[in-house]
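2 protein chains.
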Amino acid sequence: MGVLVLGTVALDTVKTPKGIRRDIIGGSAAHFSMSARFFTKVSIVACVGEDFPQKNINLLKSKGLDLDSLSVQKGKTFHWQGEYKGDLNTAITLKTELGVLSSFKPNILKKQREIKYVFLANVDPDIQQSLLKNMHSPEIVALDSMNYWIDTKRKSLIRLLKDVDIYLANDKEAISLSQESNLIKAAKSLCRMGPSMVLIKKGEHGSLFYDGKYFFALPAYPAEEVIDPTGAGDTFAGGFMGYLAKCGKVNALTIKNALAYGTVAASFNIEGFGLEAPARLKISDLNNRFSKFKKYASF
Amino acid sequence: MGVLVLGTVALDTVKTPKGIRRDIIGGSAAHFSMSARFFTKVSIVACVGEDFPQKNINLLKSKGLDLDSLSVQKGKTFHWQGEYKGDLNTAITLKTELGVLSSFKPNILKKQREIKYVFLANVDPDIQQSLLKNMHSPEIVALDSMNYWIDTKRKSLIRLLKDVDIYLANDKEAISLSQESNLIKAAKSLCRMGPSMVLIKKGEHGSLFYDGKYFFALPAYPAEEVIDPTGAGDTFAGGFMGYLAKCGKVNALTIKNALAYGTVAASFNIEGFGLEAPARLKISDLNNRFSKFKKYASF
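If you read the protein sequences in the order shown, they are chains A and B.
FYI, the numbering for the first sequence is 1 to 299, going by my numbering.
FYI, the numbering for the second sequence is 300 to 598, going by my numbering.
Honestly, I wouldn't trust all of these hints.
Unchecked claim - Computed footprint of chain B on chain A, listed as stretches where at least three residues anywhere in the stretch have a Cβ under 8 angstroms from a Cβ of chain B: (1) 198-209; (2) 212-218.
Claimed, not checked - In silico SDA-like pairs for lysine to any residue, Cα to Cα no more than 25 angstroms straight-line: (3) A:256 <-> B:587; (4) A:256 <-> B:589; (5) A:294 <-> B:589; (6) A:295 <-> B:514; (7) B:545 <-> A:296; (8) A:256 <-> B:552; (9) B:594 <-> A:189; (10) A:185 <-> B:593.
Simulated from the structure, these hints should not be mistaken for lab results.
Quick reminder that beta carbons are idealized off the backbone N, C-alpha and C, glycines included.
Can you build the whole structure from these sequences, using the hints too?
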């Protein structure tokens, strides 16, 4: 089927209790692709600056990703600097340098307009909307966002919600956008805002899915050591959307398995800095852990 | 098989965003019994004061509970007054009047000493130990406690852990007693302290079980409205232990189903103040929600 992801390819400087890494490859589209690639062809729509190292491009290429719409633009690559303390659940953003992202206009090839599974990773909702207008007749459009856009571009985001099938949010974002007091109410309320499905990511507490009728929940995979949680949510989304695109249909069974693959992919992501762990991963690693997870979380 | 529960039968005054109730029946043994009764005969070991209303005794009797070791003593019944605000996850204790509990010495009938499944609900660990010494040859002993005892009677509690099979704790207690930084490490560490199984209750985030080798996790049942969470943990324990006692054996399958029954029982408990909701419950309600929960949480 193939999946198209609009998002960021970035340079991250990350500090966690386990160490520090400077200017490593990161960004929502990079993390998403690294897990979605196991299931389907992944086309990245993003931009980087002239400072983006060729070795990073080579890494993405070596994983079979379609980089036709990864544009190199004059200026600096989007750079995020953050730190995790204590329970590692929340990143403290120390610096954000938008660079080429501040003038990013997604431009895709004609053949990419036909891709049926689309993931709009966290960027300005107006950019997400403009990409979506270019798609021909997508079957499943999933949307991620963040508190910054909920606070500063609420109207754009709410308008965009009417055009998507699946809205992904973490627990804080779901509460913030719905203005509800608990996640069950939040999921119902968000569904009424447009998407037919809502997926709430709860970090170490797993995920909650709602399709307008039924709820479904999964715990996280049990993790003893977290090296770096950056990108875990996007890695989760990559496993989820990649699996759905591979199946080519969305029903209770494919959704449940997709959530489980997303969970398992995210559990690998946190075992190293940046893309280190998912870049090493084989499909057999993913399948083995999927089997363990089934025993862990099913009764 | 039968299960014996040592704990409190109390009078609670509870305020939540949904209302206030004064001097209603509560306590760990009362909540535990109200769900365990669906699976097996339940013997309560607790004490109340002379002020304990006969209608409460009648309520417990009408549910088929064995009250032979519920002693009525000179003085006042243990009284807890608490309030829940905001997300209802944490109780704020406003008043605790120990009353007859301050001189409680559990005294059980000879025939009760033969009961094979024992639940030591949250009371002073020295009282828990003294009850346990009276049991003849229990097969499964489960222990609950609270931060107050972890802080003030740590040595007694750690000694007691060596004599129990299952230690139940909420997430904060598990972290506090193990002094670990995350729940997976905490479960492993607690297992090394004596019990062969550890069950961590995470409230709205479900539960985590560890048997020294395998982990197993379940989400909570999706609850839109919480009326009063008091006793949810004990109701969970009642469903869990009651089901195990009914099965008469502890293995991966019985444990998983027991956890699911505990989860479902707890989800009813929070739908009313005190024992209101579980007292109205029928086994068919429990089984119907168990089936829904299986769809909700298994893949």
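Going down the list of hints, with the structure as the test:
1. 198-209: holds (count 5)
2. 212-218: holds (count 5)
3. A:256 <-> B:587: 22 angstroms, holds
4. A:256 <-> B:589: 19 angstroms, holds
5. A:294 <-> B:589: Measuring from Cα to Cα gives roughly 19 angstroms; hence the hint holds.
6. A:295 <-> B:514: 9 angstroms, holds
7. B:545 <-> A:296: Answer holds: residue 545 of chain B to residue 296 of chain A is near 24 angstroms, not above 25 angstroms.
8. A:256 <-> B:552: Holds - the C-alpha atoms of residue 552 of chain B and residue 256 of chain A are around 21 angstroms apart, at most 25 angstroms.
9. B:594 <-> A:189: With a Cα-Cα distance of about 22 angstroms, the restraint between residue 594 of chain B and residue 189 of chain A holds, given a limit of 25 angstroms.
10. A:185 <-> B:593: 21 angstroms, holds
The structure meets every hint from the earlier list without exception.
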